[in-house]
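Peer 1: Single-letter residue listing:
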Amino acid sequence: MIKLENLHKNFGRTKAVDGVTLDIAKGNIVGLLGENGSGKSTLLKLMAGLQFPTRGHASIAGTPVGRQTKAWTSYAPESNAFYKWMSVRDILQYQRLFFADFAQDRCDELVSFMQLPMEARVGTLSKGMQARLRLTAALSREAKVQLLDEPFSGIDPLSRKKILDALIDQFRFQEQTMIISTHEVAAAERLFDEILFMAGGRVLLQGSADQLRAEHNCSIEDLFGKVGY
Amino acid sequence: MEFHLRGDSPIYLQLVHTISDAVVRGELKPGDRLPSQRDVAAKARVNPNTVQRAFMELERLGLTETRRGEGTYVKLDQEQAQVLKEQAARDAWQQFLARLAAVGYSENEVRTWVAHQMKPDGRKNV
Numbered sequence: 001m002i003k004l005e006n007l008h009k010n011f012g013r014t015k016a017v018d019g020v021t022l023d024i025a026k027g028n029i030v031g032l033l034g035e036n037g038s039g040k041s042t043l044l045k046l047m048a049g050l051q052f053p054t055r056g057h058a059s060i061a062g063t064p065v066g067r068q069t070k071a072w073t074s075y076a077p078e079s080n081a082f083y084k085w086m087s088v089r090d091i092l093q094y095q096r097l098f099f100a101d102f103a104q105d106r107c108d109e110l111v112s113f114m115q116l117p118m119e120a121r122v123g124t125l126s127k128g129m130q131a132r133l134r135l136t137a138a139l140s141r142e143a144k145v146q147l148l149d150e151p152f153s154g155i156d157p158l159s160r161k162k163i164l165d166a167l168i169d170q171f172r173f174q175e176q177t178m179i180i181s182t183h184e185v186a187a188a189e190r191l192f193d194e195i196l197f198m199a200g201g202r203v204l205l206q207g208s209a210d211q212l213r214a215e216h217n218c219s220i221e222d223l224f225g226k227v228g229y
Numbered sequence: 230m231e232f233h234l235r236g237d238s239p240i241y242l243q244l245v246h247t248i249s250d251a252v253v254r255g256e257l258k259p260g261d262r263l264p265s266q267r268d269v270a271a272k273a274r275v276n277p278n279t280v281q282r283a284f285m286e287l288e289r290l291g292l293t294e295t296r297r298g299e300g301t302y303v304k305l306d307q308e309q310a311q312v313l314k315e316q317a318a319r320d321a322w323q324q325f326l327a328r329l330a331a332v333g334y335s336e337n338e339v340r341t342w343v344a345h346q347m348k349p350d351g352r353k354n355v
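Line by line, the protein sequences are chains A and B. Letter by letter, the first sequence follows residues 1 to 229 in this note's numbering. Letter by letter, the second sequence follows residues 230 to 355 in this note's numbering.
Calculated from the structure, these hints are not laboratory results. There could be a bad hint or two in this list.
No more than 20 Å apart at the CA atoms, straight line, and that leaves these computed lysine to aspartate or glutamate pairs for DMTMM-like [unchecked claim]:
| id | chain 1 | residue 1 | chain 2 | residue 2 |
| --- | --- | --- | --- | --- |
| 1 | B | Lys272 | A | Glu78 |
| 2 | A | Lys226 | B | Glu231 |
| 3 | B | Lys272 | A | Asp193 |
| 4 | A | Lys162 | B | Asp268 |
| 5 | A | Lys161 | A | Asp90 |
| 6 | A | Lys161 | B | Glu231 |
| 7 | A | Lys161 | B | Asp268 |
Covered stretches of chain A, going by a simulated chain B footprint (3 or more residues, C-beta under 8 Å) [as the list claims (entries may be wrong)]:
| id | region |
| --- | --- |
| 8 | 46-55 |
| 9 | 161-171 |
| 10 | 175-184 |
| 11 | 200-211 |
| 12 | 214-224 |
Note that CB positions come from ideal geometry on N, CA and C, so glycine has one too.
Produce the complete structure using the sequences and hints provided.
Peer 2: What follows is the structure in structure tokens.
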């Protein structure tokens with residue numbers, strides 16, 4: 001579904017993504033794991049078409065990443081990217097107007113599940129609520145590909161639990177492909193079919209989560225500690 | 230059904246064991262309907278694909294059958310459940326023996342030790 005071939009992204013002399021080649025199958029939930037600065041966010045932005053690669057090639061369902069693939073790809077950034085003066089209602093309306101695949105029923109369900117205050121301005125929301133809003137905006141789209149950057153970081157345990165439950169509940173089984181970056185492995189490892197470990201802009205390990213558990217006799221969290229940092 | 234999952238072994242196998250144990254104990258009887266895959270995923274907080282894999286494995290083992298559009302039902306009868314129960318006991322016993330052998334217990338010592346641990350009055354010392 002998502003194919004990357006020898007993908008590079010440099011920022012000046014920094015090699016944020018340093019030659020990544022991968023193939024991600026349709027219908028999987030993939031955990032993109034790695035420390036801060038390992039290149040996870042840049043890789044997601046390259047897949048989302050928000051950054052242009054320095055070298056290499058990225059495609060989704062056979063189409064090169066670009067205008068067309070953006071219509072199928074939903075992306076939730078790591079930190080708040082919404083205007084602070086807008087209300088939750090404004091943000092979700094805006095999303096609805098902007099994206100053809102926006103599903104109002106799905107959005108309503110998520111809003112009530114996440115207990116989002118519709119009239120509150122983004123600037124007044126707690127970090128946890130902002131994270132819930134980002135996820136609601138992203139998951140309200142019936143997108144083939146969902147890219148979520150650090151949806152669990154820096155938020156309260158209740159919001160984290162809500163987000164995990166919403167991800168499991170809203171995932172369109174066999175139709176969607178989801179990539180979730182996180183450095184908080186313990187919270188989310190049961191969610192993943194497949195694991196990608198990144199360090200220094202490279203993918204060190206790709207594999208099925210259950211197979212990795214069986215091969216190494218340990219949890220993904222423990223394995224993450226061993227992969228060498 | 231409660232799911233107590235650990236991170237250090239394949240999640241789909243732990244789901245298979247949780248369900249097959251309930252069948253072997255007789256809590257789930259032939260003809261009983263399993264919760265939907267989505268419900269299991271939500272309850273156990275695991276990926277729906279992992280639940281699907283566990284359900285396929287249960288069917289492959291002959292514990293369940295899926296009726297199209299209706300759901301998944303237990304089909305294992307009491308006799309087959311008994312076979313699985315004995316199999317589970319054998320597996321546990323072998324693991325137990327292997328562990329004791331690994332730390333140097335002889336077969337005779339194990340026999341004495343088991344007899345000592347399980348006194349006739351049913352009192353167990355640990």
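Peer 1: It remains to establish, for every hint, whether it holds in the given structure.
Peer 2: A quick look at each hint next to the structure:
1. B:Lys272 / A:Glu78: Not satisfied, since the Cα-Cα distance of roughly 27 Å exceeds 20 Å.
2. A:Lys226 / B:Glu231: 31 Å, violated
3. B:Lys272 / A:Asp193: Cα-Cα ~17 Å, so holds.
4. A:Lys162 / B:Asp268: Given pair Lys162 (chain A), Asp268 (chain B) holds - Cα atoms ~16 Å apart, limit 20 Å.
5. A:Lys161 / A:Asp90: Violated - the C-alpha atoms of Asp90 (chain A) and Lys161 (chain A) are around 26 Å apart, more than 20 Å.
6. A:Lys161 / B:Glu231: Holds - the C-alpha atoms of Glu231 (chain B) and Lys161 (chain A) are around 18 Å apart, at most 20 Å.
7. A:Lys161 / B:Asp268: 16 Å, holds
8. 46-55: violated (count 0)
9. 161-171: holds (count 5)
10. 175-184: violated (count 0)
11. 200-211: Holds, because 3 residues of the region 200-211 of chain A bring their Cβ atoms closer than 8 Å to Cβ atoms of chain B.
12. 214-224: holds (count 7)
Hints 1, 2, 5, 8 and 10, counting from the list given before, are not met by this structure.
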